[in-house]
Amino acid sequence: MRTCMTIGIILLGLICAATAMAADVVQGECIEFKANIIKLREFDTHFTPESKYGKPTGIESEYDTSRAQVGILPESGDILRIAYTLEGNSRAALKVMNVSKQDLMKK
Numbered sequence: 010m011r012t013c014m015t016i017g018i019i020l021l022g023l024i025c026a027a028t029a030m031a032a033d034v035v036q037g038e039c040i041e042f043k044a045n046i047i048k049l050r051e052f053d054t055h056f057t058p059e060s061k062y063g064k065p066t067g068i069e070s071e072y073d074t075s076r077a078q079v080g081i082l083p084e085s086g087d088i089l090r091i092a093y094t095l096e097g098n099s100r101a102a103l104k105v106m107n108v109s110k111q112d113l114m115k116k
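In the numbering used here, each residue carries its 1-based index in the sequence shown increased by 9.
There may be inaccurate statements among the hints.
[Said to hold, decoys possible] Cut-off 20 Å, straight-line C-alpha distance, at most; resulting in silico cross-link-like pairs (EDC-like, lysine to aspartate or glutamate): (1) 61 to 87; (2) 104 to 51; (3) 110 to 41; (4) 110 to 51; (5) 43 to 69; (6) 61 to 96; (7) 104 to 69; (8) 110 to 87; (9) 43 to 53; (10) 104 to 87; (11) 104 to 38; (12) 104 to 59; (13) 104 to 73; (14) 64 to 96; (15) 110 to 38; (16) 48 to 69; (17) 48 to 71; (18) 43 to 87; (19) 104 to 84; (20) 48 to 59; (21) 110 to 96; (22) 61 to 73; (23) 64 to 51; (24) 43 to 59.
[Claimed, not checked] Listed next, with one range per pair, are the computed distances between beta-carbon atoms: (25) 33 to 65: 24 to 30 Å; (26) 50 to 98: 28 to 34 Å; (27) 101 to 67: 35 to 41 Å; (28) 101 to 40: 35 to 41 Å; (29) 33 to 60: 17 to 23 Å; (30) 99 to 50: 17 to 23 Å; (31) 58 to 101: 16 to 22 Å; (32) 68 to 32: 27 to 33 Å; (33) 101 to 81: 18 to 24 Å; (34) 58 to 96: 20 to 26 Å; (35) 59 to 97: 35 to 41 Å; (36) 51 to 80: 31 to 37 Å; (37) 96 to 59: 33 to 39 Å.
Read the hints as simulated data drawn from the structure, not as lab findings.
Note that the structure is a prediction, hence the values are computed from the model and not measured.
A virtual CB, placed ideally from N, CA and C, is assigned to each residue, including glycine.
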């Protein structure tokens, strides 16, 4: 009985930890990167040979990168993939990947 209870508590802890570490991901075109803020034009996930990064959705959003791991510094026009969490009404970037300059498919 005690063993089952211990296993249950451990599993509950692991599930809670996994959901706490979950992040949302967005991909799109960098409009501007200034003062640790990225303005992004979001893309959808309908990849085709003509639009290998997706198509613009018309949504523009901002991400705070002050605590993020940023790979190759973004410039206007670059395609970025951002893992982020919501902190109140703002989006805090955790990781920023410059997809257009660091294309993993080429490796």
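Cβ distance range 35 to 41 Å for residue 101 and residue 40, holds or violated: 18 Å, violated
Discussion item. Taking the Cβ atom of residue 96 and the Cβ atom of residue 59, is their distance within the range 33 to 39 Å?
Written reply: Holds: the Cβ-Cβ distance is about 36 Å, inside 33 to 39 Å.
**Request:** Quickly compare the C-alpha distance for residue 64 and residue 96 to 20 Å and report which way the hint goes.
**Result:** Given that 20 Å is the threshold and the Cα spacing comes to 27 Å, the pair is violated.
Subject >> Beta-carbon spacing of residue 33 to residue 60 - inside the hinted bounds 17 to 23 Å or not >> reply: The hint (17 to 23 Å, Cβ to Cβ) holds, given that residue 33 and residue 60 are roughly 22 Å apart.
Does residue 110 pair with residue 51 here, judged by a C-alpha cut-off of 20 Å?
-> At roughly 18 Å apart (the allowed maximum being 20 Å), residue 51 and residue 110 satisfy the hint.
Discussion item. Checking one constraint from the list: CA of residue 43 to CA of residue 69, max 20 Å. Satisfied?
Written reply: 15 Å, holds
Given the hinted pair residue 110 and residue 38, is their Cα-Cα distance within 20 Å? 12 Å, holds
Quickly compare the C-alpha distance for residue 61 and residue 73 to 20 Å and report which way the hint goes.
26 Å, violated
- Can the suggested window of 24 to 30 Å be confirmed for the beta-carbon pair residue 33 and residue 65? At 18 Å between Cβs, range violated.
| said: Hinted pair, alpha-carbon criterion (20 Å max): residue 104, residue 87. Please report holds or violated. | reply: Roughly 15 Å between the alpha carbons, so the hint for residue 104 and residue 87 holds.
* Between residue 43 and residue 87, does the CA-CA distance stay at or below 20 Å? -> 14 Å, holds
*Evaluate the given range 20 to 26 Å for the C-beta pair formed by residue 58 and residue 96.*
Between residue 58 and residue 96, where Cβ atoms are some 38 Å apart, the hint is violated.
Checked against the numbered hints above, the structure breaks hints 6, 9, 12, 14, 20, 21, 22, 24, 25, 26, 27, 28, 31, 32, 34 and 36 and satisfies the rest.
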